[in-house]
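Taken in sequence, the protein lines are chains A and B.
The first sequence begins at 6 in the working numbering and counts up one residue at a time.
The second sequence begins at 6 in the working numbering and counts up one residue at a time.
Please keep in mind that the hints were generated in silico from the structure rather than gathered at the bench.
Because the structure is a prediction, the values reported are computed rather than measured.
Heads up, none of these hints are tricks.
Identical chains share a label here; the pair holds if one copy fits it or two copies do between them.
Below, in silico cross-link-like pairs of lysine-lysine (DSS-like), each with a Cα-Cα straight-line distance of 25 Å or less:
#1 K139 - K105
#2 K228 - K84
#3 K139 - K84
#4 K293 - K84
#5 K84 - K70
#6 K105 - K70
#7 K105 - K79
#8 K139 - K228
#9 K79 - K139
#10 K84 - K105
#11 K70 - K228
Protein chains: 2
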Amino acid sequence: MTELKQDLTPADIGHAPLADVEAAPRAGKIMLVGIGPGSVDHMTQRARAAIAEADVVIGYVTYIKLVADLIEGKEIIRKSMTEELDRAVSALEAAEAGKKVALISSGDAGVYGMAGPTYEVLFQAGWTPDHPVKLEIVPGASAINSCAALVGAPLTHDFCSISLSDLLTPWPVIARRLDAAAHADFVVALYNPKSGRRTRQIVEAQRLFLRHRRADTPVAIVKSAYRRRERIEFTTLDRMSECEIGMLSTVLIGNSNTVLRHGLMVTPRGYANKYDMADGGATREGEKAGRSLSTGLIGWLEGLQADHAAGASFEALAAQHRLPLDYVRATLEEPLEAALPDTAEEGEG
Amino acid sequence: MTELKQDLTPADIGHAPLADVEAAPRAGKIMLVGIGPGSVDHMTQRARAAIAEADVVIGYVTYIKLVADLIEGKEIIRKSMTEELDRAVSALEAAEAGKKVALISSGDAGVYGMAGPTYEVLFQAGWTPDHPVKLEIVPGASAINSCAALVGAPLTHDFCSISLSDLLTPWPVIARRLDAAAHADFVVALYNPKSGRRTRQIVEAQRLFLRHRRADTPVAIVKSAYRRRERIEFTTLDRMSECEIGMLSTVLIGNSNTVLRHGLMVTPRGYANKYDMADGGATREGEKAGRSLSTGLIGWLEGLQADHAAGASFEALAAQHRLPLDYVRATLEEPLEAALPDTAEEGEG
Numbered sequence: 006m007t008e009l010k011q012d013l014t015p016a017d018i019g020h021a022p023l024a025d026v027e028a029a030p031r032a033g034k035i036m037l038v039g040i041g042p043g044s045v046d047h048m049t050q051r052a053r054a055a056i057a058e059a060d061v062v063i064g065y066v067t068y069i070k071l072v073a074d075l076i077e078g079k080e081i082i083r084k085s086m087t088e089e090l091d092r093a094v095s096a097l098e099a100a101e102a103g104k105k106v107a108l109i110s111s112g113d114a115g116v117y118g119m120a121g122p123t124y125e126v127l128f129q130a131g132w133t134p135d136h137p138v139k140l141e142i143v144p145g146a147s148a149i150n151s152c153a154a155l156v157g158a159p160l161t162h163d164f165c166s167i168s169l170s171d172l173l174t175p176w177p178v179i180a181r182r183l184d185a186a187a188h189a190d191f192v193v194a195l196y197n198p199k200s201g202r203r204t205r206q207i208v209e210a211q212r213l214f215l216r217h218r219r220a221d222t223p224v225a226i227v228k229s230a231y232r233r234r235e236r237i238e239f240t241t242l243d244r245m246s247e248c249e250i251g252m253l254s255t256v257l258i259g260n261s262n263t264v265l266r267h268g269l270m271v272t273p274r275g276y277a278n279k280y281d282m283a284d285g286g287a288t289r290e291g292e293k294a295g296r297s298l299s300t301g302l303i304g305w306l307e308g309l310q311a312d313h314a315a316g317a318s319f320e321a322l323a324a325q326h327r328l329p330l331d332y333v334r335a336t337l338e339e340p341l342e343a344a345l346p347d348t349a350e351e352g353e354g
Numbered sequence: 006m007t008e009l010k011q012d013l014t015p016a017d018i019g020h021a022p023l024a025d026v027e028a029a030p031r032a033g034k035i036m037l038v039g040i041g042p043g044s045v046d047h048m049t050q051r052a053r054a055a056i057a058e059a060d061v062v063i064g065y066v067t068y069i070k071l072v073a074d075l076i077e078g079k080e081i082i083r084k085s086m087t088e089e090l091d092r093a094v095s096a097l098e099a100a101e102a103g104k105k106v107a108l109i110s111s112g113d114a115g116v117y118g119m120a121g122p123t124y125e126v127l128f129q130a131g132w133t134p135d136h137p138v139k140l141e142i143v144p145g146a147s148a149i150n151s152c153a154a155l156v157g158a159p160l161t162h163d164f165c166s167i168s169l170s171d172l173l174t175p176w177p178v179i180a181r182r183l184d185a186a187a188h189a190d191f192v193v194a195l196y197n198p199k200s201g202r203r204t205r206q207i208v209e210a211q212r213l214f215l216r217h218r219r220a221d222t223p224v225a226i227v228k229s230a231y232r233r234r235e236r237i238e239f240t241t242l243d244r245m246s247e248c249e250i251g252m253l254s255t256v257l258i259g260n261s262n263t264v265l266r267h268g269l270m271v272t273p274r275g276y277a278n279k280y281d282m283a284d285g286g287a288t289r290e291g292e293k294a295g296r297s298l299s300t301g302l303i304g305w306l307e308g309l310q311a312d313h314a315a316g317a318s319f320e321a322l323a324a325q326h327r328l329p330l331d332y333v334r335a336t337l338e339e340p341l342e343a344a345l346p347d348t349a350e351e352g353e354g
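So here's chain A without its partners, still in its complex pose (with noise of 0.2 Å):
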């Protein structure tokens, strides 16, 4: 995860249209790098590579610092939090003079980073594919994955991330989101947690969850995840809010059945629908190995078709299975497809 710094305003930025390239020596490029959580243990080859191969190597002044091996004799522009949409014109600068530009920044450059503002800032300056100037994002690991790592496993399922930064988001927006995943028990990793302006948001985003889960919700705290100063803390999610928590902190809370054991904090992945735990693991009655539950979509939708059939209304149902009324009813009046034959087994993923 990278975070997004600016005190430009992009009326500041100023930057003419895009030069005819075709007179320079060689056209430039530019590589979004993901650099991981921000060890040099953890960066991909491609990453290296791309640095290494880059003229001009521009980023946040810690992580410049992490690759100062690979960087000597290139010319750096380091820049500071407050300046990243700076750092994507600058790069486009430099790759209209036929440099090879890398563009650093943590985690994966796709979420909360520079990929989405730089392509908005290339565009504003009539930037297509079809430029000389290519564009390459190198993917990493994002501060979820990094983090989870070093927890346990807690995002063996469905998740979600959402960012309690309101710079440029109405409060409305991240309240619904924070509603909606907590409603639908999603584990939920929270970027941009808090700051020494923004204190109250992760408050209101513990508010939002209590709403739907329980008190003791396990919830970790990671700072600086595979740097020196890493830190993890593990609480619940009622005294989520009063730890310390910072600009450099990612905060997962888990869904209703993940648990901290053993001091790790895992999700199971769900073979306890399929298995008896308690049981030496045996397969429940009415359920298969390497196929879909007895109330995965085929078997659910004929239950539910046998319960209307008996006279259940689309409004009961509805609120038995806690599903919106249309889609119920929609989702009834559509026959069943004929089953397939046997093809190729699959796995309980």
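We have chain A; now place chain B onto it with these hints.
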């Protein structure tokens, strides 16, 4: 992402309680290695080092082939797609015998991968972190990050990851998540979108999304990212379920602001909320660079209080902002904190 395949039931595992390993010459180790999308370039240094360090390498045959240069002389246990819980058991047995074991997964082991099931198997066998056999999870870029890097910048804002596999998860749970994610305007990545048997889940997902999102919402379908048979297709929400989608595909559904422009799928970060892009990027009235929006939490609360003082009921305000009534009431009843002194600047990430 790794597809968790399992033909074995937990009952078949039949793992005896952990042996006393104090007698072993050295304690073994289990390393769950996320190798990223499946290209050597996109593996991290730690991932390669962990495999090089291992005595035993366990994994699905496709991933074993990928690291062929690292595994000469090692004991290789190739597992088919249907035997992943079995992989965790084999890893534990080898580690108890003093070996260093690398259990490899595509993407990130924590995302629908081996991490959760491995911990479940370990705990079931009586393992704790104090046991001599240690466990390390090596994070990697998940399919969502790799696929996103290839299609533009779809993930710029809040996103959800949802698996359409109902082999371990009841359909109503999945459906509620799809509906919640669509309602709250998340970018969504669908894992396990379709298989030989599971062909209707993607149709249902489309149905649920169309309740909230425009028919022309950009969708990208990426198969085998960074591999030889990589295939990318752009489509729209209303045609998503008709496209070629298989076990190796990840589907990315944009939010209400995502656009397909020049063949690239880009989700804006939200600069338009603060800056008038049509007016040369001038800061909108009432907004300030580096500060929360006027509709950020504090500004929004102030507006809410003013509206309530002017006579708007809790119910009317809840309806206006599409937030739960009890939340609006509770948050209005909590006094606004005193404004904090200016501290370090924050960026607009």
